[in-house]
Amino acid sequence: MYNDIIAEHFMNPRNIGELEHPDERISIGNPICGDTIHLGVAFKDGRIADMKYKAYGCATSIATVSVFSEFAIGKSVSEIRKTSSEDMEAMLGELEPNQMHCLDILSELFQSLGTVKEV
Amino acid sequence: MDGRYFDYNATTPIDPAVAAAMMEHLSEYGNPSSTHRAGKTAKQSVRQARSHAADLLNCGQSELIFTSGGSESNNWAIKGWLSQWKGRRPHIITSSIEHPSVQEAIRYAMREWEASVTWLPVDGDGFLSAEAVAEALRPETKLISIMLANNELGTLQPIRDIARIARASGVFMHTDAVQAVGKINVDVQELGVDALSFSAHKFYGPKGIGGLYLKEGRALEPLVHGGGQESGLRSGTENVLALVGLGEACRLAREEMEETALRLDEFKRLLAAGLTALSPQIKQNGGRDASRTLAGTMNIQIPHIRGEALAAYLDHRFGIALSVGSACSSNREKKLSGVLKAIGLQDAEIQSSVRISMGKYTKRSDIVGFLEAMEQAMEHFCRLMPV
Ligand SMILES: Cc1ncc(COP(=O)(O)O)c(C=O)c1O
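Which chain is which? The protein sequence lines are A and B, in order.
Under our numbering, the first sequence has 27 at position 27, and the numbering climbs by one with no breaks.
Under our numbering, the second sequence has 227 at position 227, and the numbering climbs by one with no breaks.
Here chain A stands alone, though its shape is the one from the complex:
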């Protein structure tokens, strides 16, 4: 089953789409389960001004990138970098064992965004 956070984001994913002129592009793929995420990021005044993505994957992985985008928009890269793994875990709520791989996806999203050089 899907917890309320996952179900809500999966049914109504935020920030879907493609940025016309992203400052950064991030692509994440899990070769085993085939989840794929393409993310575009736009910066303004040292902060993440906008973020859009396209995703193919299981319900939980789609919800994961939606949760991530909602969290990241408005933050600075150093705030992204400082996010603890406990905070990340809390963002997705309680996961079932077969959904745990989405925590890896989330931390990979944080890591990828945390290592871009700020514009």
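Derived by calculation from the structure, the hints in this document are not laboratory data.
These numbers were taken from a predicted model, which means no experiment stands behind them.
Just to be clear, a hint being listed does not mean it is correct.
Mimicking DSSO-like on lysine-lysine, the simulated pairs with C-alpha atoms at most 30 Å apart in a straight line are [what the hints assert, rightly or not]:
#1 79(B) - 142(B)
#2 334(B) - 54(A)
#3 283(B) - 363(B)
#4 79(B) - 215(B)
#5 334(B) - 283(B)
#6 283(B) - 341(B)
#7 44(A) - 54(A)
#8 207(B) - 79(B)
#9 75(A) - 44(A)
#10 335(B) - 54(A)
#11 54(A) - 283(B)
#12 52(A) - 334(B)
#13 341(B) - 54(A)
#14 117(A) - 54(A)
#15 82(A) - 54(A)
So the derived label-pair ranges between C-beta atoms look like this [claimed, not checked]:
#16 290(B) - 18(A): 42 to 50 Å
#17 121(B) - 4(A): 41 to 49 Å
#18 97(A) - 303(B): 27 to 35 Å
#19 94(A) - 23(B): 34 to 42 Å
If you want a taste of the chain B side facing chain A, the calculated C-beta under 8 Å gives, among others [as the list claims (entries may be wrong)]:
#20 306
#21 351
#22 383
Ideal placement from N, C-alpha and C gives every residue a C-beta, glycine not left out.
Once you've looked at the hints, dock chain B with the ligand against the given chain A.
Positioned in the frame of chain A, the structure of chain B with the ligand alone reads:
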């Protein structure tokens, strides 16, 4: 009945007549083995159930042994027959698309009794040929176990021909007919098998009750030893209440299944046409030959959409219930349907597959509703899709 339920192969709703019959017997508490009046009443209920089930399968009442359902029947037929060749390397012929309760019972025989196994492949449509069974026969072959109807694809195997081959070489033949009984005519005389498993919850009866047809003159080592119920073959005080339900379900199946199958056959065509209209990319998995598949079962793949995600969306938005061909398990491994692998599908194809299974309460308007929901779901996923 809920018109958004498309998972009849997983289990079926209880028929109101079955529920009523069970309700009527709810306070009947006698033990069928007792000789007093309470016991007799219970015994009569069991007898009645056996009579209805025997009518449905066209067998003698003494050839029917009740069990806790399909899994137990499958386990028992396999272990109960093979145990006499413990350690003497009996050979088994089975298919690569059996239900886990057959596969795992066979693996147990491999581990514990040094059985060797031929897992016969199926073709791209999910069928195996009787000739392949004949070719796999060895002098030490002691058991053939091949399912009648497959739960994921609905494909029907040529059990009659296979049983003929088994008889000709004196090999015990078991068939898992759990997905067939109550949906199509299953006549054990016509099939000519030695043993056949069935389960009431797949045809509008209660869960946890089923049986094994065991041909007159054949004997199995019991799985459950004890007080000698079911002619000493399956001990334990009978589940009288569930048997009342099973009996009623068998009685209803005889009356209704032919007409239901005709209707579902038409619905399946409606569904196929509607899905193709939605997207010509949607493909049907497994055979489509109506004479060799269950009318109510359809397995499809929707390219570029994860079956699990589609099913979750349909469930949350529309309350539609489907079953999927794969589930995430972890980062390092995926859990893919062995049946879909056996028909040669690629991992990505299996991940985008879902099973739609209909039953006697499915209405034409439900098919229309399903197609409308599918259209919205596809729009939802198209917005998300990376190009
Ligand atoms: C083909 C097949 N065999 C056996 C079973 C097991 O039956 P039961 O649920 O009664 O144990 C099932 C049900 O899932 C089935 O589909």
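Checklist line | Index of numbered hints that the structure contradicts, given in increasing order | finding: none
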